[in-house]
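Colleague: Read off the chains here:
There are 2 protein chains.
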Amino acid sequence: MSIRVGIMGYGNLGRGIECAIKHNPDMELAAVFTRRAPETVKILTETAKVCHVSEAEKMKDEIDVLIMCGGSATDLPEQTPKYVQWFNVVDSFDTHARIPEHFANVDKAASETGHIGIISVGWDPGMFSLNRMYANAILTNGNDYTFWGKGVSQGHSDAIRRIDGVKDGKQYTIPVESALEAVRRGENPDLTARQKHTRECFVVAEEGADLARIEEEIKTMPNYFADYDTTVHFITEEELKRDHSGIPHGGFVIRTGKTGWNDENSHVIEYSLKLDSNPEFTSSVIVAYARAAYRMSKEGMTGCKTVFDVAPAYLSALDGAELRKHLL
Amino acid sequence: MSIRVGIMGYGNLGRGIECAIKHNPDMELAAVFTRRAPETVKILTETAKVCHVSEAEKMKDEIDVLIMCGGSATDLPEQTPKYVQWFNVVDSFDTHARIPEHFANVDKAASETGHIGIISVGWDPGMFSLNRMYANAILTNGNDYTFWGKGVSQGHSDAIRRIDGVKDGKQYTIPVESALEAVRRGENPDLTARQKHTRECFVVAEEGADLARIEEEIKTMPNYFADYDTTVHFITEEELKRDHSGIPHGGFVIRTGKTGWNDENSHVIEYSLKLDSNPEFTSSVIVAYARAAYRMSKEGMTGCKTVFDVAPAYLSALDGAELRKHLL
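Sequences listed follow chains B and D, in order.
In terms of the numbering used here, the first sequence is residues 1275 to 1602.
In terms of the numbering used here, the second sequence is residues 1275 to 1602.
One should not assume that every hint holds.
Repeated chains share a single entry, so a pair holds when one copy, or any two copies, can fit it.
[Claimed, not checked] As a list, the in silico DSBU-like pairs of lysine-lysine whose alpha-carbon atoms are at most 30 Å apart:
hint, residue 1, residue 2
1, Lys1599, Lys1424
2, Lys1599, Lys1382
3, Lys1382, Lys1493
4, Lys1334, Lys1515
Think of the hints as simulated: they come from the structure by calculation, not from any bench.
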């Protein structure tokens, strides 16, 4: 029996989930739910249905885990607590400041109805959080550093595109190599935003737009760019499409710390990701946690969980004996 | 109430455990058990007892978790199943091929007596295993690589010291940088032992010994050195003591894999450690898992566990809400 998965929302993340399910033979895609007219949504999996979101509740017995692929700003805060009433769910809620509130809402609905909801799954929050947590538990006397990139920031790209005279644009966040190296050497530097990351923008301007004014608006934009060394390149629409249509990302989680009776020994724990496709990698993490949600639910567990609460073995298609033999 | 920890065996690892407990304020060292005459063993913790190993069973109500610090060859296969009858235990059993057998023995004794035994804790097996497992669950279509070093191999250093005419010696295992880079580029190379690691030996010879013969014996030693590019340096006893008395180690776990409907995107997950002191880092991992053993036992869990079976949150002194707020 395969684990029957549903996808709620079919954007970049939903398509990534679909691809990840193809890579996990113990799982099958049962249905994609969309707010659009279902007949207008083409998916890749021939055996799966496309249904309107209003039909989801009726299909609760045909789906083992529903993966929430909406946005963190408005979709997930409403959808995850709602759908966990009928399904085991996994989401990738990534508004760090609102996680405690989201957890409480999902936990209440999941506990009352006997389901599992695993929230904030992906790589940050997700695998990066896990690595921060493991490293903190091991090296209790130390310092944490997270660097992002090189990768495309959707939020910063959107900010560029809102500027008058900008037709399209992409923004890359790039870690500062010398800062990374200082951290790895255990120097415990205090780093400002500017010292940790640079920002590189590729901008397609409207014909006749004032390029100097656009560049100035980008570089001085508060919160997004003003605190960073920012480079702006004006390119053609063709160049943007040819060279910048991917969604790569990645980053580094580093903890340095001391051990010994008198803190005489230093250690560095580093976890890094280099991803060609941010949504496809995020999806691959989510699908592994969907397997965990299914199994934990089968064992009678309920309520809201995060990556911190899920024993690693639940993620793997291998059983305990195989894991111990081949991966321990 | 602190978690009361016992240490069974007071060598490098036992001393590392003692130091790690000092770095975890929710834990206290209750007793060190030794096969030596207790009055001859000096420990660092003034509040802890030193007891003969024969007294351990009597102290079962004074200790929440007993950490087994013996060797994997003969001590742990006998001691861990024995002491788990009376205590929750954690060990660092690292003979990979015998893990299934050790697991079965510990599981039987632990289940029958209602204790928890977490085996094979440290960094390899341990954190490296965990990272292999997480990466395999995420990137199901990919390749695994583990590199060790730069670090001191105890087994290889011992092998050098058994050669006639050798007074003392230290061996470093060093990953081949070009192989590491090829793996990171996603080239999925098939690597021989020689292509992955080099071996560097620092040897103190007896006066008048035949250095050429010693060097030849090292470089051609089957299993240990013959399959590697090995460098031998003859140094004085003073130099060995001054420059090579540390026990550094570390390494890299890398998984590369493909995602996408047609495997069109590549990803690299890398976990690395750079450790000044192998036993102190191993100890820091073990002490975090001792906390987990204590908590899991309090919740009524029993039997043998590995790092795959322990939900990450059990390792941290922070509670769930704090973890979600600060580390997720």
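Colleague: Could you work out which of the previously given hints the structure breaks and list their numbers from low to high?
Modeller: 3 and 4
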